[in-house]
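Asker: Protein sequences, first through last, are from chains D and L.
For the first sequence, position 228 matches number 228 in this note's numbering, and the numbering has no gaps at all.
For the second sequence, position 67 matches number 67 in this note's numbering, and the numbering has no gaps at all.
The reader is advised that the hints may include incorrect statements.
[Said to hold, decoys possible] Okay, the calculated bits of chain D under chain L, using three or more residues with CB under 8 Å as the criterion:
| id | stretch |
| --- | --- |
| 1 | 70 to 82 |
| 2 | 91 to 103 |
| 3 | 114 to 120 |
[Said to hold, decoys possible] Derived pair list, reagent style DSS-like, types lysine-lysine, alpha-carbon separation capped at 25 Å:
| id | chain 1 | residue 1 | chain 2 | residue 2 |
| --- | --- | --- | --- | --- |
| 4 | L | K84 | D | K56 |
| 5 | D | K90 | D | K168 |
| 6 | D | K90 | L | K84 |
[Stated by the list, open to error] Restraint ranges, calculated between C-beta atoms of paired labels, are given here:
| id | chain 1 | residue 1 | chain 2 | residue 2 | range |
| --- | --- | --- | --- | --- | --- |
| 7 | D | G178 | L | D85 | 24 to 30 Å |
| 8 | D | N40 | L | L78 | 35 to 41 Å |
| 9 | D | G41 | L | S168 | 36 to 42 Å |
| 10 | L | I64 | D | R195 | 56 to 62 Å |
What the hints contain is simulated information worked out from the structure, not anything from laboratory work.
This structure is a prediction, so every number in the text was calculated from the model and none was measured.
Even glycine gets a Cβ: it sits at the ideal position worked out from N, Cα and C.
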Amino acid sequence: MNRPLLQVKELSKHFGGLKAMDNVDFELFPEEILGILGPNGAGKTVCFNLICGVYKPTNGEVILDSQRIDGLLPYEIANLGVGRTFQIVKPFSSLTVLENVLVARGITRYNSLSKIWSIWQSSTEKNAALRILEHVGLADMENRKAGLLPLGYLRRLEIARALVVGSKLILLDESFSGLRSEEIGQLESLIRRIRQDGITVLLIEHNVRVTMGICDRIVVLDHGRKIAEGKPEAIQQNESVIEAYLGRRRGADAA
Amino acid sequence: MNAYVITIATIILINAITVCGLNVIVGYAGQISLGHAAFVGIGAYSAALLSTKAGLSFWAALPIVIAICGFIGLLLGLPSLRVKDDFLAITTIGINFIVEAIFLYIPFFGGALGIGGIPRIMLFGMKVKGLVFFELCLVFLLLVLLICWWFTRSWAGLASFAVREEESAASSMGISPMRFKLLAFVIGTAIAGLGGALYAHYMRFISATDFSFPVSISLLSMLVLGGMGNLWAPLVGAVILGSLPEIFRPLVDYRILFYTVLLLLMIRFQPAGLLGEDSFARHVFSSILPGGKK
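Assemble the whole structure, with the sequences as input and the hints as a guide.
Answerer: The following block contains the structure:
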């Protein structure tokens with residue numbers, strides 16, 4: 001395999017005495033879908049927030065394309081081509097769906113004192129944003145207020161925004177949670193299409209079936225530590241994973 | 001029009017200009033400010049001092065006044081905008097009281113006597129007063145509205161809306177929240193400076209109490225009444241809150257009662273302001289006027 005796109009090295013985050021993330025290592029290769037799996041409170045979202053710059057790691061390194069990004073601020077990491085979604089959706093509620101995507105399209109301008117004064121309502125911008133909306137299955141929704149959309153559409157809107165920002169890598173934080181089964185199917189095929197376009201995906205899930213079905217490799221976290229890593233089939237057979245996660249929830253997690 | 005009506009109308013326009021500045025900060029960027037009068041005061045005192053002590057004309061002093069207000073806005077915004085919501089509200093109240101106290105207790109600013117003898121604005125060799133002053137304010141208001149309209153159409157404006165709606169989502173899209181909050185704050189305080197300068201040259205006498213905390217509240221009330229984040233809200237709010245006291249003058253004893261009833265009706269039926277989201281007036285206005293809330 002070629003050079004990793006993202007490397008997480010000995011990453012730790014302690015909140016007082018709580019080790020939310022403890023010495024975790026993993027690598028993400030270009031055009032791969034890597035899943036981070038783990039029960040609630042395993043440290044998945046903390047891991048995301050460390051990569052995105054929301055938290056500063058207590059210890060360890062995050063390397064994107066051989067550049068250290070730990071310690072950078074969220075907007076600086078976004079500027080390096082890392083897009084993300086949020087576990088609890090964060091739409092710009094009073095803006096329209098189209099405007100939500102246009103905010104993301106502004107990423108090439110927000111750092112230039114001269115470019116921020118130009119007008120954002122141009123037809124080129126609008127058409128580019130419409131194409132992205134079509135890609136994620138939100139065509140015809142562009143003039144709706146984002147705050148009025150149901151959850152399934154909001155998840156796709158977040159992916160649309162992340163796609164605009166994430167030219168290299170997108171991070172999906174439990175994009176499947178709270179969705180109906182047909183919505184899950186649509187989202188799965190969307191993520192596969194994204195990968196075909198050459199974008200690397202790191203996703204957090206605690207829906208086991210989805211993670212197994214869509215990911216090339218899986219990293220399993222429990223209590224802030226990595227307890228397994230490998231192909232989905234290998235993870236399914238892994239004793240400690242079954243003990244920490246699958247065993248307890250088998251049968252109960254039918255979604 | 002008689003002089004009385006012109007005076008009321010001029011004050012309304014000056015307030016509308018000032019509230020436009022507040023709208024950039026509170027309406028567009030979502031950063032609550034309960035100390036806007038302080039920046040109007042800084043504008044008014046700078047204009048007054050530059051014309052009485054330095055002998056500059058209104059026109060020569062105006063760019064300096066606006067720059068001073070923007071710069072002080074930047075200095076005070078840097079620490080204040082690090083806190084949010086209730087804490088920002090309290091911080092800006094604090095700024096208001098401190099600025100007022102500085103005007104009141106430092107002899108350089110005239111102390112309790114304020115500053116008098118501020119010269120009239122000269123335009124084409126004529127003294128600007130009465131109806132001409134009103135028209136001058138109207139031109140400035142249109143200019144400010146144009147700037148605000150441009151702001152809502154610019155990427156800077158879009159970034160500010162994003163920060164207002166969801167700060168963490170905005171920063172995941174390459175927007176530095178601090179940068180755009182500061183930008184909005186500086187634009188807002190600079191516009192307040194313009195309003196202050198006009199106020200000083202119109203009243204020709206200013207004192208610290210003209211820019212006290214209750215004035216900030218009334219400026220914010222105008223904005224809330226009009227509908228935060230709407231381009232035309234400052235004008236609508238300033239017209240209503242500026243003319244009501246005059247209209248209700250025969251009922252002077254019951255004026256506060258009327259305000260209270262008005263406020264309660266607003267909260268009950270138009271919580272987003274007269275021009276806010278889904279308001280009665282909005283449906284009518286949006287078809288004929290450009291620049292609704294974005």
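Asker: Hint by hint, say whether it matches the structure.
Answerer: Verification of the supplied hints:
1. 70 to 82: Coverage by chain L holds here, the residue count being 5 at a Cβ distance below 8 Å.
2. 91 to 103: It holds, with 8 qualifying residues against the three required.
3. 114 to 120: holds (count 6)
4. L:K84 <-> D:K56: Holds, at about 21 Å.
5. D:K90 <-> D:K168: holds, 22 Å
6. D:K90 <-> L:K84: Roughly 18 Å between the alpha carbons, so the hint for K90 of chain D and K84 of chain L holds.
7. D:G178 <-> L:D85: 24 to 30 Å: holds, 28 Å
8. D:N40 <-> L:L78: 35 to 41 Å: Since N40 of chain D and L78 of chain L have Cβ atoms about 40 Å apart, the given range 35 to 41 Å holds.
9. D:G41 <-> L:S168: 36 to 42 Å: violated, 21 Å
10. L:I64 <-> D:R195: 56 to 62 Å: holds, 58 Å
Of the numbered hints given earlier, the model fails hint 9 alone.
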